[in-house]
Each structure stands twice: as C-alpha cells, then as structure tokens.
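> Next come the chains, spelled out residue by residue.
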Amino acid sequence: MQATAEVKKILSYYEGENPGVKGKLCQMLMTGKLAGTGKMIILPVDQGFEHGPARSFAPNPAGYDPHYHYQLAIDAGLNAYAAPLGPLEAGADTFAGQIPTILKVNSANSLMSGTAAKNQAVTASVDDALRLGCSAIGFTVYPGSDAMFDMFEEIVEMRKEAASKGIATVIWSYPRGEGVTKEGETAVDVGAYAAHIAALLGAHIIKIKLSTDHLMQPECQKVYSEQSIDIASLAARVKHCVQASFDGRRIIVFSGGASKGSDAVYDDARAILAGGGNGSIIGRNSFQRSREDALDLLGKLTDIYLGKA
Amino acid sequence: MQATAEVKKILSYYEGENPGVKGKLCQMLMTGKLAGTGKMIILPVDQGFEHGPARSFAPNPAGYDPHYHYQLAIDAGLNAYAAPLGPLEAGADTFAGQIPTILKVNSANSLMSGTAAKNQAVTASVDDALRLGCSAIGFTVYPGSDAMFDMFEEIVEMRKEAASKGIATVIWSYPRGEGVTKEGETAVDVGAYAAHIAALLGAHIIKIKLSTDHLMQPECQKVYSEQSIDIASLAARVKHCVQASFDGRRIIVFSGGASKGSDAVYDDARAILAGGGNGSIIGRNSFQRSREDALDLLGKLTDIYLGKA
Amino acid sequence: MQATAEVKKILSYYEGENPGVKGKLCQMLMTGKLAGTGKMIILPVDQGFEHGPARSFAPNPAGYDPHYHYQLAIDAGLNAYAAPLGPLEAGADTFAGQIPTILKVNSANSLMSGTAAKNQAVTASVDDALRLGCSAIGFTVYPGSDAMFDMFEEIVEMRKEAASKGIATVIWSYPRGEGVTKEGETAVDVGAYAAHIAALLGAHIIKIKLSTDHLMQPECQKVYSEQSIDIASLAARVKHCVQASFDGRRIIVFSGGASKGSDAVYDDARAILAGGGNGSIIGRNSFQRSREDALDLLGKLTDIYLGKA
Amino acid sequence: MQATAEVKKILSYYEGENPGVKGKLCQMLMTGKLAGTGKMIILPVDQGFEHGPARSFAPNPAGYDPHYHYQLAIDAGLNAYAAPLGPLEAGADTFAGQIPTILKVNSANSLMSGTAAKNQAVTASVDDALRLGCSAIGFTVYPGSDAMFDMFEEIVEMRKEAASKGIATVIWSYPRGEGVTKEGETAVDVGAYAAHIAALLGAHIIKIKLSTDHLMQPECQKVYSEQSIDIASLAARVKHCVQASFDGRRIIVFSGGASKGSDAVYDDARAILAGGGNGSIIGRNSFQRSREDALDLLGKLTDIYLGKA
Amino acid sequence: MQATAEVKKILSYYEGENPGVKGKLCQMLMTGKLAGTGKMIILPVDQGFEHGPARSFAPNPAGYDPHYHYQLAIDAGLNAYAAPLGPLEAGADTFAGQIPTILKVNSANSLMSGTAAKNQAVTASVDDALRLGCSAIGFTVYPGSDAMFDMFEEIVEMRKEAASKGIATVIWSYPRGEGVTKEGETAVDVGAYAAHIAALLGAHIIKIKLSTDHLMQPECQKVYSEQSIDIASLAARVKHCVQASFDGRRIIVFSGGASKGSDAVYDDARAILAGGGNGSIIGRNSFQRSREDALDLLGKLTDIYLGKA
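Chains as they are written, first to last, in the numbering used here: chain A, 1 to 309; chain B, 1 to 309; chain C, 1 to 309; chain D, 1 to 309; chain E, 1 to 309.
There may be inaccurate statements among the hints.
[Unchecked claim] Cross-link-like lysine to aspartate or glutamate pairs, in silico, EDC-like; alpha carbons within 16 Å at most:
| # | chain 1 | residue 1 | chain 2 | residue 2 |
| --- | --- | --- | --- | --- |
| 1 | C | Lys118 | A | Asp150 |
| 2 | B | Lys118 | D | Asp146 |
| 3 | D | Lys165 | B | Asp127 |
| 4 | D | Lys239 | B | Asp65 |
| 5 | A | Lys118 | B | Asp146 |
| 6 | A | Lys160 | C | Asp127 |
| 7 | B | Lys33 | B | Asp303 |
| 8 | D | Lys160 | B | Asp127 |
| 9 | A | Lys118 | A | Glu154 |
| 10 | E | Lys9 | D | Asp93 |
| 11 | E | Lys118 | C | Asp150 |
| 12 | C | Lys239 | E | Asp65 |
| 13 | A | Lys165 | C | Asp127 |
FYI, nobody ran anything at the bench for these hints, they're computed from the structure.
Using the sequences provided together with the hints, build the complete structure.
Spelled out as structure tokens, the structure:
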C-alpha cells in the first residue's frame, strides 16, 4: 500500500535508520483503521506477566486464550498487537501476516519481593522476533531504578541487533524505583524526562504514561516556573512530552493504566490528539471488557483519532 | 507409530515451533501405556541433588544404582524418565532408545545455607542433552525468588538453544523465595501464576505442584471472590491452572510431593484427570517403594488416566 | 585540505596510532574557523541525559530539536559536535559530512538515587559511530568512584575497538564519587590526576573541568608545596594539567560548567590559551542562549583562540 | 598394555563417555604398581597454594623443587601426579610421558580473609591440560558454600570442554562454607552427599575426605536411624560413600588430610579397601617425609591395596 | 646475539613454554649492561597511575614526558622498561626496537575510596602489547584481597593469551587487602607466599617486594621456628623467596619501594645478589632523581650485579 504523505514525513525523521526498520514502522503506520494518519492504537497484553492470569483475564475469561487477543486486535482494526513470547507463539501460525506484532522482550511480575531489584527479566530475543515475524521488539526501562543502567545497556544492545535485522524498537519508559517517589512516577517533569531518555537511547516508538501536573525534581520546579512551561492541562502535558521526544521527531504513544470508565478513556485520547501525541496503547481497558464492549470502545477511540468523535 | 488425533491436536497448539521440537513432544506422547491419549506419567529422579543420597535411596537401596530407574520407567510403561547429567550418563548406552529421557539441567541441594540465593546451578547443557539422546531439557524456576530474573534469563536462553537443536523444554515452575510465604508456595493463586509464567516463558511442558485453596496475594483474594473463581476442589484448582496455561494450549503435569499413601496418589490423579491436566510426574512415591509396589502403583495410576480405575 | 605544520606536529605525538585514527584527529583539527591552529572548540549536547529535557532546553526551546545543534555547530565554525545516539541519529542524514561528530557512548542522569553506583550506562557502540559517520567516540570516566575500574575497563575495550576501526577516542575525565570530596571534584591536584589517568588509558583527546587552587589529597598538599608547583592562577593550573597530559603530547580541552556570563567564558578561554590548552568544550553556555547570542559568544571565543581578542 | 578385566569393567560404567576420556581413565588405571587392579594411589601437590611454600615444603626442603614430586610419583609407582599449572610446567618436558598428570585447575589459599567468598580461583584451563599432556583436570567444589553454585557451573563447563577434548575430570568434593558446620565437614551424611553431588555433576573420578560417624543434617539423623544405615566403622562409611557414587559405578578415592603417623595411614587404606573404595590420594603424608620414608610408606600402601599387607 | 650458558640454563627451566615466549625472555636477559649474566634491572614507570602525576614527576619534571623514561632506560643499559598503555604509545615509534618493553596491563590509583575493592582495573590488552612490540605484559595481583580470585582469573586468562602469541608474563605479586595486615604486607612469610603464588599461576618473571623478618601467619610463626628457616638477614630472606619460586626455576626480581638514599639502594642490590635473586626493578629511586644522578645510581647498581662493586 502506498504510504501517505503524513507517514512519509514521520519516516523521514528516522535519519540514521535502514530501510528494514523504516519498512516495519511503515507497516505499523499503514495498518488498520488509522492507516496513513500517523496515529496508532496498539493492543498490549503483557499483564499476565505483570499481575498474573486471574487478575488479568478472570474479568473476561475469553482472554485466557491467546488467540482471543490476536483476533480482537484484527477485528478492531488496530495498528499492532504486543505480547510476550509464549502468547505470540501460541497464535503465530494462525494469524501470520494478519496484524503487525510487537514481541515484548522483557517482563517483571508481582511475585517480586521488596528486596528484589527494580528490574525486569529479558524473556525473549531478537531472533525470536524474527522467527515469529514480528515488526518490533518492546522493552521496558525503569528510569530512576538502581538497575536502570543495566536496563539501558540491555536495550541498547538489543536495539542494535534488532535494527541490524530490520526490526523496530518500542521502549516502554516507566519511571520507577529508588530515585522516584510514588507521586513522581506520573509527575510531568519525570514523564517528559522518561520520554527524552527513550529518545536518547534510540527508541523508534516511545511509550510513556500520561502524567499529572506534579513536579518531582526540585530543580524542575524552579525551571518550569521560570520558563513558564505550560503543564496545566493534560493536552499541554502531552505536548510537553512530545517536545521532549526530539520536538516531535519520534513517534510517542501513551498508556492509560488500570481499567476505568469509557469516558475517561475517550478524554485521554482527545488530550493525546490535542497535544500532538501519536496515539494510545490500551490493554486492560480493552481486553477486560467483553469483546463487544471492547470493540465499541476501540471503535470510538479510532473515531476520535480520525477526528470524527 | 502413527500419532493419534488427540496427540495431533495437542501438537497443533505449538504454532511457533519447528518439526524437531514437535517430534520430541510426539515421541513422549506416543510412548508407554498412555501412548496416544494425550496423558503422561513421567518418572523424575533428581532427589539425590535435592535431598542427598541417603534420604532419597535408603528406603529402597536398589535406587542407588542409576540403572534401576531407567528399568523402572520402562517396565512401568511410562512416557519419560527425567534425571540430572550423572545418572543419565550412567545408563545412556544400556538403555539407548528404550525410553524418552529428560535431562534436568539445573539443580539445588539441601546443603545451601540460609544466606544463599534461592537459586539453582546450571549443571548440564543442551549439547549434553543432544549427546545423550534426550527428548527434552528440564529446568526449574522459582517465581518469587530474588534470583528469579536470572533463572528466567537462563531458561529463555537454553530453551532457545534447545529448540534450535530440536529438543523440547519442560519448566518446573516452583514458587519459592523472598516474595512467597511458606503457605503461598502451594496457594492456588500462586500456582496458577507459576503455570502462566512457565507458559509465557515458552515452556512446551509445564510442571507445577498441586495447590491448596489458600490465596496468598491480597489483590487475588479480591479478584477470586469478585469473579467467583471456583477453587473449592482439587479438580477445580487443576482446571484453573490448566486455564492459566493458555486455556489448555500447553501440556501441564502435576507433581505429588513427598511420599504418601497410595490412595492419596490415586486421588491426586483423579483430580488431575477431572480438571483437564495432562498427567503426573511422580518421583519419591514410586522409587522409594519396592520395585514391586512401585509397579503396582504406577499400573494403577495408568489405569486411572486410561479411565479404567 | 593540506594539514598545517602545527597539526602535523600534534599528530606526530600519537606514535602508537594507525592512520585511520590520525586521519580523524586531523579532520577535527582541520575543521571550522580554528582549522590548522591546533586549537578546538567543541559543542557537546548531552545535558538532556544529565539534567533532563526541560532544564536543558526550556531556556531556548529551539534546542528541543536535534537539528538545531548540528546547525549551530556548523554556523559557528566549530571543530566538532558531540551528542548521544538518539540526537545524532535524528540529523545524521541531513548534516552528513558537514561537521565532524563525536558519539557520546555512555551517559548518566539525574533520576539516579543516592544508593545507585556512581557510574554511567553504555548507551551506544563503536559500530553506531561507524554507521553514523562519526569521527570519535566520547566516554566519561569518574576517577574516585567505586565504579571507576569498571568504567576504565569499558573504555579501554571500546577505545581498542574504535581505534581498530579508525575512530578516535575522547575521554571526559570527571572526578566524582566515594573517593572525592565535593570541593575535590574541581581541586587542581585531582584535575591534573584526572587528565593524567585519561592519558594513561590511551585517550586521544582529554576533556577535563577547569580547576580551582584547592588541593584535596594530603600527600599532594605536601608535594605541591615542596616542589613549588605554581597553581595560583587559572592559566598556571591549565599549564599544570597540560604537563600532566604527557607534557603536551595529548590534546586537552576544558569544559566550562553551568551557564554563566559571557565575560567569564572569555576569561576561561584566555586562561586555557595562556596555559597551553587546546581549547574549549562548551555546551550550556552556548545552546541555552538564543541562537544569535550563542553565535556572538562562539565567534568571540574563536577570536580569542585566534589571538584576535 | 592390554587392560585387565577389572579395568574393562570399570570403564564400562562410563556409558555416556567417548573413547578419548575412557582412554585417559584406562591410562591412569593401567599405570604403576597397582596397574590393572582397579585401585589407585595419586600424589597431589597443591598445598603450596593452600598453605604456602614454607608450611608445605620446609619439613622436607627437597620439595621446593617441582621435579622432586614428579620423580617421587614415578619411583613410588603411583598412578598419577596432580598439581597446579606452575609446577606441572616446570617439569612437563623432563618427565613427559613418564607418569599420568592431573592439572589442578582451581585453587584457594590461606591468605583469604574471613569476608572472602568460600570459593576458589580458576587458575588453569583445559587447553593448558592439553598442551602439557595431562590425563585429567582436577577441580574442587565446596558443597555448602554460598559460592557452590558458581563452582558447580564452572566445573560443568570445564568438564564438558575437557571431555570434548578427550580429557578426564576429577572432582575434589569438599564440604565447606556457610551451610556446613566444622564438624559437618567430615560428617558421613555430608561426605556421602558430597560424593553423590560429584557423581551427579559428571565426575569421572571422585575425591572426598574420609568421614566420621557424625551426622550433621537433622533429616539425616532421622533417616540413618530409621533405615539402619551402618556407619559404625570407617570401612562401613567408605562403603556408604561408594554406594552414594552410583552404587560403585564411579571411581572414588579418599584423601587422608594432615600428616600423621604411618600406621594411621595404613589403617585408612585398609578401611578404604574393605569398603570398596578405589584408593588413596595422599599428599602431605608422602612429600613431607624424607624421600626414603615416603617411598617406604607408599610401598607399604601399595602392598595393602595389592592385598599383600 | 648468542645467548650465554647462564641464560640458556635459565631458559631451560621454562619447560612448558613455547619458543616465542622463551625468545622474549632471552631478549630481555640478553639486553643492556647485564646481558648474559642472568641478572636484570628493569625501569618501571606506573607511578603516574598509582600516585598521580605531581607526586611522581614534580621532583624531576623531565619525567612528565614519556620519552624521558625510554631514553633513561636505554642510556642506563637496563634490560627493560615497563609502563602502562598511554606512555608506551607516546614513544612506541621513536624508540621502536631500542629497548624491550613490558606493557603494564592493570593499574590502581590513589583516588580509590576505602570502600572500593582492593583491585586493579585491566587497562590494556595482549593485542596492545603485540601492536606496540612489547616483550612482556605485566600484571599486579593482590594476594590477601577479597578480589584476589578475580585478579588470579584475569591474569591466568591473559597469560594464556599472551603465551599463545609469544609474549612473556611478569607478575607483580603484592600482598594487600582484607587478609593481610599492614605489617604483613612486607612480612617474609607473606612475601615468600606471594612469590610462590605467582610461580603457581605461571609467571615467567616474578616481582615482589623485599621483606622484613616479620611473620604474619600464626601457623608460619610455628613452622619457621620448628624448621629453623633462616630469615635473619635480608639476603637470607631473598634466598627464602627464591626457594619459594620453584627453588630458583623462575626469574625473580625485587622492588625497592619509596625513594631513599643511594646507599640503601645499593645495600638492597647486594642482598638480592647474595640471596640468589635475579635483580632489581627500580622506579621512583631512578626517575625521581635528576637524569645525571639516576644514571650514576643505575651504573653503580649494574656494577654491583656484575660483581664489580
């Protein structure tokens, strides 16, 4: 499919990248109902690792079956489906070529003790992504964790290998750990910093959380005030994070967090759109609803990004 | 031997896997008295590592000789025999081709101090498995241990290498360590989580312990109650763990623990069968009995899985 | 362009080095308004990592865009532009061949907790430098940190690889950590030691901070007094650090630190020139000013090194 | 030399092993005065590492010269001589082909502080063994140490490499460290466990200490009593350890410890013979005597194993 | 140049070594005024790492220039010049082939905090030694440090690589760290142990400090008294350390420590000669004097080893 001008402009920002990687970014941007708009909705299903099977899938038990999520992403016309090794393998053949996939290559879980390092385990490889026909690898970093440098070094190595094999890299940049307060995890100064770090590390797609108007770092409280950085509205904060992502030269998508009412999900999307973000990555708010409700919600969300709602 | 429809269905679930690995799974599923049923009984003898020689073999001293276990597994018509490097090597030539073997590639022992990491040592390699003609490697992970991420990264690497060489992977997923209480080690929420983690890591066969109706994680107590997840009977808990294993798309077998009366062993098997599990992995309850008693017990167990008892 | 006698003399000091590396040093020394003089001004933009995006770029928001810095370095006629992977990639194609670039291959950030090791993460590779057409890699070591030996071993390995691929190495030698007091970080005995360590490690270009007349090490207080080492003026201290850099056989440039008034910047440069240093590496004092002001300041600085101001 | 039936039987136990390794075992079993009997006496000289030069060699200063030990082993008609890299290198040419040698590839020393890990350093490689014409590598593990898993992983790797190059592996299995009491280091339950662990790890020859009738592990106190395991005499304890070594399918030799009277050494040997052990590994009790006394003692010891004394 | 009988005898002790390494030892033994005598004087200049530039070179500022030391070693007719990577590179071309060089491949420094591991960083490689035409690598181990096993494993690896490439290995064996008292660092029992450890690790040339008559280890106090080991004079202690170096089968040189009066330096040399040591490695006592004084001192020292003074 002929790429649109908007998509071509986005691809042009990846100046250092080879055609293999650009082709994968193009594939994701040209898939689904948002194809060609430069906007994206991604379905991530790694909550089985993070929270365990029952907390993830009992609200909608169809989700215990990995095939369910492939099909949901396809039927909702999303841009991509992201999951760990096991679930991707469980549907790799049945759904081959029908939806771009992102192999989540590291993971944490909620059985970790308080003394465990704030880290994740690398649970899949670039060659697994190749073998399963994935468009990208996904990797979480925890800026602020005492393990953050190890995580940075891991993703830098994997990103290099992935790019050399024509696979794109999505970085989940989630502040967490010894250097970050609980409130700071969603503070806007920390969120913008997290986006910037992902960009500096060479992410092709940046994934961060939506942020509050809290400022965690004392030096930032001073600078944000002196320079009058607008962080009053959610849209303004999205805009600030987009700016921190090389002034819009990197694709940035936002996650919504725990499941909540549909209207809150729509409001988030409108703010992302208004702030110049590229889209939503939406897990529990889709697969913990019934399939029918999820398709409704994702349809409405798509309409928002299409400017129709 | 022509694979049965049941076995073919099971093999079809391993969508991402190559024919080499599927062939090994087929070999185990098509061996012994349960051949073709999709059910399995495996004899594991790694207690020499875990508990030392006297505690393992003094009750039935014939078991000091590694040949004894090969012969027992063959004579009882089991699907496979699992052991560490040394014992497999001690009979590899005598019993070549007569029973599928699983090389247990990591091990702990009871000389570990309280300050030692809750971990295991990697004590054999994929190439050892190839050299000894094994069908699979077996690897233990301890979800909840502060060393769990290291263990995950080890098995992910070994699984990748094994699969590339046409060898299947069995994951022993045993909750243990800093993040898990003693009671939590067999709690059903933790057990289902352990099964799910093994599946996410790419296990071809999942081995967990039978669980109690205890719920360790506070968030799970809430969810299990709200979603009315049935955990009242052992069969219901088996069913829940099967669901957590990609809704039945992965082979899951259950271990019985310390030696106990035959009736208790039979009751376990009936619950596993009723809950949709794939079978039993049964060590001390077989080799710590006399050979005659063990053959009786394993025969009866086989009959249960065949629906004859 | 024909190298000047001054540049040829400098290159002759690198006796152990291959023509590939010497060619890259020559390229940097023969670029910009200071071409051929043996003096250098380098623009480093790694503050996004160190201090985050808002603290770095909000004072002059044009700097959020990586293209801004490439263009500033070119328009100011500097010798080279240094930055981490992400920003270099964002302009690698647009500015290919127009300005020598230095890939900063390790980085820290201000989200680190007090318990984190005083270290940096390796965030890019020598192959990235090759791929992006860079002239050199840049690496920070923290003499005095308990992680210093790890950092030394990392740069020794990377320097070896870089040299074998015809790429030069710049070492940022910044005393910091458990073995250094706050005042000691800029003490002249520690600064000269830091320069010497960089030289011993095989740096082609040494980057240190300008130092105060404080002496941190008791043994040094004794020696500096006994041997009447002149550390009274900034120029004398620069001269001492040049001496510590193999008596002038290695290129050494000085960084200016936090943004300050233009006159202070000029005074620094005059002292560097007087003391025999090779130049300035000047980040926040250039890119946090408006483009116009920055070009003014850099022009004046160039004139100082040309002996015109 | 034609191998005896006894040696052929022993070799037949190594079912998983290649002809190269079996050839080396055969070489050691067919050398010296005990050739063909299935019994062995080995001279180990690694006390220079463990206790330093003066404590090791001052009682018989001829032993400072590495040639002394080669010659002693040859003249006494022993099966093999074991030493670290340096001493083997110092005589490798002079004594080439005259006595099988075992390269001790890891070592500890008595300058270790109380805070150091209970571990050893790997001080030689399999390729060194090849280069020096050795028959085997020797490696110490400390079951019970918090570093034991690292040691297990090291020897498993080295054993694999050694076997692939036709070199046999001797494991010194010496309980020590955080999980073992002082009395427990020579307790019979722990000693049998140590022998079993060496066998599980794939040792071709197991070396343990002679044990006392102490039982360290509470679970073992129970089992040994319930199962009436005979540990009353030294011979009975040897027999128990032989049983723990795959019921006699692995060669097991015993070390005597600190120097003591000749009669005590003879009594040990008689117990080893009676219990079915394969022989003695005897260091300080030989080389700390004068050459004449040592030859006397080793001659008498040989006679005991030949059933002549 | 035809090697003398004395040199040929020394070379014959290196039985396990290849002609490449023996050639390098021969080269060092056949260079300078002591050529052919089996004695050596080596100039080591790594104090810039250890103590920093001012403490090392301010007493004789000509030493800031790396060329100074090359020339001093040549003009004094020494056997070899040892230094880290940077300084060797700074003169590698000018002095190529004029003096054997030893690349010091690991280094510590005095900015280390009290909490840092008692270790050194590996700061150069065997390939660097090849590239720079060196005869040997030099490596420091700290027997008694909790990091000693890591250091042993590093040098064992590097020695193996160096030997395979025809380069000799010099081990600086300097007791230090948690297992050694301050007085123990130069105790004769510890010094002899340090020499023995270097020999066991495969050093071709051993470098230790001259020792006092202190005995640190209680077990040694007992043995030295019982065995009447003569440690009364410096010459006797040198003789004991030579004995600990495989009874004279390894070259051993002694370092003099901090700068001191010429007579003390001469007395040390006479004791080394009388005790059968192979020579001196003398840094601060040569390069911290004026060139004229240094040449005088080194000339006198040479005469002592030639038996002329």
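> Each hint needs a verdict: does it hold in this structure or not?
To see whether the hints hold, each was checked on the structure:
no., hint, result
1, Lys118/C - Asp150/A, "13 Å, holds"
2, Lys118/B - Asp146/D, "11 Å, holds"
3, Lys165/D - Asp127/B, "15 Å, holds"
4, Lys239/D - Asp65/B, "14 Å, holds"
5, Lys118/A - Asp146/B, "11 Å, holds"
6, Lys160/A - Asp127/C, "9 Å, holds"
7, Lys33/B - Asp303/B, "9 Å, holds"
8, Lys160/D - Asp127/B, "9 Å, holds"
9, Lys118/A - Glu154/A, "15 Å, holds"
10, Lys9/E - Asp93/D, "14 Å, holds"
11, Lys118/E - Asp150/C, "13 Å, holds"
12, Lys239/C - Asp65/E, "14 Å, holds"
13, Lys165/A - Asp127/C, "14 Å, holds"
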